[in-house]
Amino acid sequence: MSSVSQETQEKKRHWPVPLTSQTSFIYKYLVQRPLEPVPDDANKLQISASSLESLTKHLTLPAAFIFALTRYYLPNGRGSRQIKIGDKTCHDTWYFLPVRVQVETVGTNPPANPPATTDDDDASQMNPFYKLHLPNVQRDIHRSCVGIFSRVESDSRRFTFVAFDFMHGRWPKVALEPKERIGDVLKRHAQSSDASFGREHCVHLVYLTSATRWWTNSLSSVNEQLIAYERRLQAELDRAGTTPESVLTELNRALHSIAAHLQRYLSELKSLRGIAADLSAGYDSVHKNDAEHGNEEASEQAARGFAQVLSQVDAAHELAVELEKKTQNILALLFNRIQISSDRLLVANGEAMQGILRAMQEDASLAQRMARESHRLAKEMKKDSIAMKTIAIVTMFFLPGATFATLLSMPFFSDNEWMGHASRFWIWVVFSVPSTAACFIFYSIWRKRAQKLVREAEDGLPLQGLPNIRQNGHVR
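For the sequence shown, my numbering gives the first residue as 1, with consecutive numbering after it.
Bear in mind the hints are in silico, worked out from the structure with no lab data behind them.
The structure displayed is predicted, hence computed values, not measured ones.
Quick reminder that beta carbons are idealized off the backbone N, C-alpha and C, glycines included.
Treat the hints with caution; some may be incorrect.
25 Å max Cα-Cα, derived SDA-like pairs, lysine to any residue [said to hold, decoys possible]:
hint, residue 1, residue 2
1, Lys179, Ser271
2, Lys288, Val454
3, Lys383, Val454
4, Lys452, Ile393
5, Lys379, Ile393
6, Lys44, Val31
7, Lys44, Leu59
8, Lys173, Lys379
9, Lys326, Arg273
10, Lys84, Gln22
11, Lys173, Ile47
12, Lys270, Gly241
13, Lys383, Ala364
14, Lys179, Leu399
15, Lys88, Val103
16, Lys270, Arg239
17, Lys270, Ala364
18, Lys179, Ala364
19, Lys288, Ser21
20, Lys44, Thr20
21, Lys179, Lys288
22, Lys173, Arg158
23, Lys379, Ala364
What follows is a list of derived Cβ distance ranges for each label pair [stated by the list, open to error]:
hint, residue 1, residue 2, range
24, Arg71, Ser311, 25 to 35 Å
25, Leu366, Met126, 11 to 21 Å
26, Glu180, Met126, 51 to 61 Å
27, Met126, Gln339, 17 to 27 Å
28, Ala405, Phe440, 15 to 25 Å
29, Ile445, Leu366, 21 to 31 Å
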């Protein structure tokens with residue numbers, strides 16, 4: 001009996017103790033109504049510097065977690081520690097939960113409901129830290145994170161949870177969903193007869209399951225967009241002609257953007273799985289004594305919950321891997337279409353070039369015929385020139401004599417008895433022979449000068465204003 005009573009007392013000493021929890025949620029400015037005016041600091045956490053300092057001192061927040069809060073937009077790690085605060089032993093855990101949230105694009109929102117966005121419209125789609133626009137699905141995939149700090153005090157059975165939610169204020173339903181679910185869970189535990197210490201894992205599970213669901217929805221939208229791109233490419237492959245370069249460039253840019261984002265998604269999903277695994281291991285480490293003293297149900301429930309979350313994260317990760325391979329396949333299909341368009345364009349250019357060559361050949365034949373005609377015309381002109389020169393020479397030979405014969409036969413001279421005698425023939429000879437010689441000399445000088453001017457014009461030299469140059473280069 002004594003041994004049994006001692007065992008009973010030992011169990012009562014470790015009997016499940018009610019859980020005391022304290023949860024805090026810090027958000028950006030949440031826009032509850034579409035037309036509600038937004039303050040200038042809406043993109044900042046709605047907590048003052050003094051309040052944050054007081055919270056840091058009260059909870060003794062680790063410096064690594066505070067530093068990560070200032071760089072929440074960058075990838076951050078996770079950590080845990082065991083510290084002594086007074087006579088209490090505290091087990092702290094902190095991490096940044098990576099999430100991807102899908103929201104409607106500008107074209108699908110009514111004017112009274114402005115779109116939720118955290119990025120500039122001109123932000124590069126190739127940057128995986130910016131939003132990913134899915135035009136066919138009419139969704140934007142936005143990146144965000146939730147900084148979470150939790151503390152478990154084993155001695156006092158107290159649980160403290162603080163969440164720094166960096167989601168945009170245009171997503172109030174998404175941002176407030178985990179808080180509402182956590183409130184319902186804690187309320188049910190408080191009302192149940194089994195509200196024992198060790199069930200604080202449900203708070204982490206709420207955020208993990210919500211994040212996993214957001215991830216799955218976002219990846220599903222990416223899958224729908226990839227299917228739309230694939231159908232579009234298949235339609236382009238069925239076309240007989242070439243695809244416009246603008247269409248190929250648009251598809252290439254969009255697919256490379258999705259590929260860049262999927263690579264980042266895989267890293268963040270790997271981080272999400274690591275968070276779930278660390279929380280499961282940390283829970284086992286903190287509550288191993290509770291499981292040994294009759295609180296096995298909470299431990300088993302936590303193990304099942306974390307296992308379920310890990311399976312969901314693995315499923316999302318496998319989906320992301322599948323989408324990455326699908327993107328590569330569509331890119332290969334796109335490159336195939338580009339090659340087909342290039343080949344068709346090359347064939348079309350070849351046919352056009354053949355037409356141009358045929359036209360050039362016809363032009364060459366025509367030019368050859370024109371050259372032959374020009375050569376024949378030149379020969380005829382040369383013959384005409386020789387004939388004209390002959391006529392000119394004959395004219396120069398006969399014209400002076402005929403001119404003087406005509407003059408001497410005029411009545412003025414014919415009535416003169418002295419001039420009318422035949423012995424005065426020498427007078428005609430004296431006038432005709434020098435005149436004919438003078439004409440031939442003038443013609444010879446004029447022809448030489450004309451030929452010289454033609455040669456200078458053909459050589460490209462100015463006809464006037466430059467000194468005459470000899471063949472040896474000296475100036476005359």
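- Query: Taking the beta carbons of Met126 and Gln339, is their distance inside 17 to 27 Å?
  - Reply: Given a distance of about 24 Å, which is inside 17 to 27 Å, the answer is holds.
- Item | Supplied distance hint 25 to 35 Å, evaluated on CB atoms of Arg71 and Ser311 | At 31 Å between Cβs, range holds.
- Item | Given pair status - Arg239, Lys270, alpha carbons within 25 Å | violated, 42 Å
- Task: For the range 51 to 61 Å, tell me whether the beta carbons of Glu180 and Met126 fit it or not.
- Result: violated, 36 Å
- Message: Hinted pair, alpha-carbon criterion (25 Å max): Lys288, Ser21. Please report holds or violated.
- Response: holds, 20 Å
- Message: What's the verdict on Lys288 and Val454, does the C-alpha distance respect the 25 Å limit or exceed it?
- Response: violated, 116 Å
- Is the Cα-Cα distance between Lys173 and Ile47 25 Å or less? Status holds; Cα separation ~20 Å.
- Does the alpha-carbon distance linking Lys44 and Val31 stay inside the 25 Å limit? Distance of about 13 Å is within 25 Å: holds.
- Would the pair Lys173 and Lys379 pass a check requiring their Cα atoms to be no farther apart than 25 Å? Violated - the C-alpha atoms of Lys379 and Lys173 are around 99 Å apart, more than 25 Å.
- 15 to 25 Å as the expected CB spacing between Phe440 and Ala405, which holds or is violated: Holds, at about 19 Å.
- With a cut-off of 25 Å on the C-alpha distance, tell me whether Lys173 and Arg158 pass. violated, 29 Å
- Do the alpha carbons of Lys326 and Arg273 lie within 25 Å of each other, as the hint requires? Given pair Lys326, Arg273 holds - Cα atoms ~23 Å apart, limit 25 Å.
Consistency note: the structure conflicts with the earlier hints numbered 2, 8, 12, 13, 14, 15, 16, 17, 18, 20, 21, 22, 25, 26, 29.
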